[in-house]
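Number of protein chains: 2
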Amino acid sequence: MLKRSPAARPAASTDIPAESGPVASRERILDAAVTEFAEQGFAGARVDAIAARAGINKRMLYAYVGNKKALWLAALERVYEAKRRDERTLNLQRLPPAEAMQVLIRFNFRYHTQHPEFLAMLNDENLQRGQNLKESHRVAELYSPLLTLISEVLARGQETEVFRRNVDPMQLYISMVGLGYFFCSNQHTLSAIFDRRLDSVEEVLTREQHIVDVVMGFLRPER
Amino acid sequence: MLKRSPAARPAASTDIPAESGPVASRERILDAAVTEFAEQGFAGARVDAIAARAGINKRMLYAYVGNKKALWLAALERVYEAKRRDERTLNLQRLPPAEAMQVLIRFNFRYHTQHPEFLAMLNDENLQRGQNLKESHRVAELYSPLLTLISEVLARGQETEVFRRNVDPMQLYISMVGLGYFFCSNQHTLSAIFDRRLDSVEEVLTREQHIVDVVMGFLRPER
DNA sequence: GATAAAAATAACTAAATAGTTACCTTGGCG
DNA sequence: CGCCAAGGTAACTATTTAGTTATTTTTATC
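Read top to bottom, the protein sequences are chains A and B. In this text, residue positions in the first sequence follow UniProt numbering: the first is 1, and each later residue adds one. In this text, residue positions in the second sequence follow UniProt numbering: the first is 1, and each later residue adds one.
Calculated from the structure, these hints are not laboratory results.
Label-pair ranges, simulated between beta-carbon atoms:
#, chain 1, residue 1, chain 2, residue 2, range
1, B, 48, A, 151, 46 to 54 Å
2, A, 220, B, 82, 32 to 40 Å
3, B, 168, A, 110, 17 to 25 Å
4, A, 205, B, 31, 36 to 44 Å
5, B, 162, A, 66, 57 to 65 Å
6, B, 138, A, 85, 42 to 50 Å
7, B, 160, A, 70, 58 to 66 Å
8, B, 138, A, 57, 44 to 52 Å
9, B, 48, A, 165, 51 to 59 Å
Only a predicted model underlies this, so the values are computations on that prediction, with no experimental measurement involved. Glycine is no exception: its CB is placed at the ideal position from the N, C-alpha and C atoms.
Please construct the entire structure, taking both the sequences and the accompanying hints into account.
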C-alpha cells in the first residue's frame, strides 16, 4: 500500500514545462474524470475511459490519483472549486441592492446552464448520499461565498426598504439556486413530458427572466 | 426472440389470488426495481439484486419484464404514474385561488419529501438525457395534471385580482416544483456544505413555509 | 556514454455482471 | 393415474471491470 506518488519526486533541476509533467498530468486526468463522470455517473463511468480521455495509461492514473472513489472526490472538489472561484469574482458592493440581487440570480442561472457537469456530479453525489463530500477534508473550502454575498445584499436592501424583512439568507440561496437547477438538470424529462424543447436560447432567456421575476417579486416589501 | 410472456397464458379456471400469479409477480418486480434503481441509479443497479428483492428468480424477471432497460422504463413509468395518480386526487375547485395555490405548493413539496425514489429516478433519467422517457409510448399519459390545475387556479386568481397578470403557467409549475426539488434532491450536499442537517421535521416545515412565501409573494399583484 | 530513478506501457487477474440454457416442479384435467 | 404446459430454479457463458504486475522506455545527472 506504500505507493509513492510520482508527483512526490523531487523537482528536476530544469523547470517543468507548462504542458507536461506530473502536475499537468494530474490536471488532465481530473478534467477527463469530470467529463466522464458527468456523462456517465459514478457507477457508469469507466476508469479505462477516463485514462483514454486523458491520453494517459491506466497505471499512471492510479499512481497519480488513486482509485475510482478518490478520482470521484477529486473531480467533485474540482467542479465545486471552479464554481466558487467564479463566485468570488462577483463585485457587488458598488451596486444598489436590487441590481446586486439580480446579478446574483443571473450569475447562478447562467452558471448552471453553462456547466452541466456541475449539476450532473452534484446529482450523482446526492444519489450516493453525499458520502464522498462528507469525507472530504476540504469541505470548508467549498463553502459558497454566495451565501455571504446574499446576506450582505439582503441586509442592504432591507435597510433601504426595497426588500421585505424576515428572509432567511440560506432559504433564499436554496431558492435562487433551485429555481434554475431544476430547469437545467431536468430539462430532458421536462422536455419529454411537455413535448417542447427547453434548450433554445429563447427558452433559456425566458426562464432566466422568470427566475428574476420570482425572486424579486418575492422580495418586494409588504404593503 | 419470440419470448411469450407467462402473463399471456389463458387465465386458469380458478381466480388468481390477489397475492400471487403473474400480475402480482410483475408488480413485485417493479416495486423492487424502483427501490434498487432509486438507491443505485441505472448503471449501479444490479439485475440480480432486483430479482432478490422481488423474491423471484432472474429467469422469471426476464420473462415478465424483459431486459434491464425495459425494467428501468417500466419502473420510471411507475413512479410517474404514482405521482400523477396522487395529483388527480386534488380537489381545488371549491377553494379560493390563494388557498388553492397553497394546497398545490404544499402538495408538491410533501410529495417530494416523501418520495425520494421519484427524485432519484428522474435525476438518473436526465443523466441518460431522457432517452428512455422519449422512447416511451406512454409519455402522453404521464403529462402532469398539475399544469392544468395551476393554469385554472392562476386564471381565477387573476380575475379576482389576488394574483399578478402575465405569469406563464409552465414557468410557475417549474418554479413551484424546483423550489422543493433542489432542497430534497440535494439535501446531502447542501447539508455537507452548510454543515447543518436539513432532514429534521423542523427544517422541512421551515422550507415548506418558505416555498409558500416565495410563490405567494411573487404572485402578489403589482401595486 | 553509464547509471539509476522515474514514467509509461501492455498484459494480466479476479471478481462481477447481463443475459441464457437446460433442467425441474407443480397443478389442473382427461 | 398420466400428461402437459405454466411456472420456477440453478448453473452457465461471454464480457466487462477495477485494480495490479512485469517489463520497457525516457530522463537527469555524473
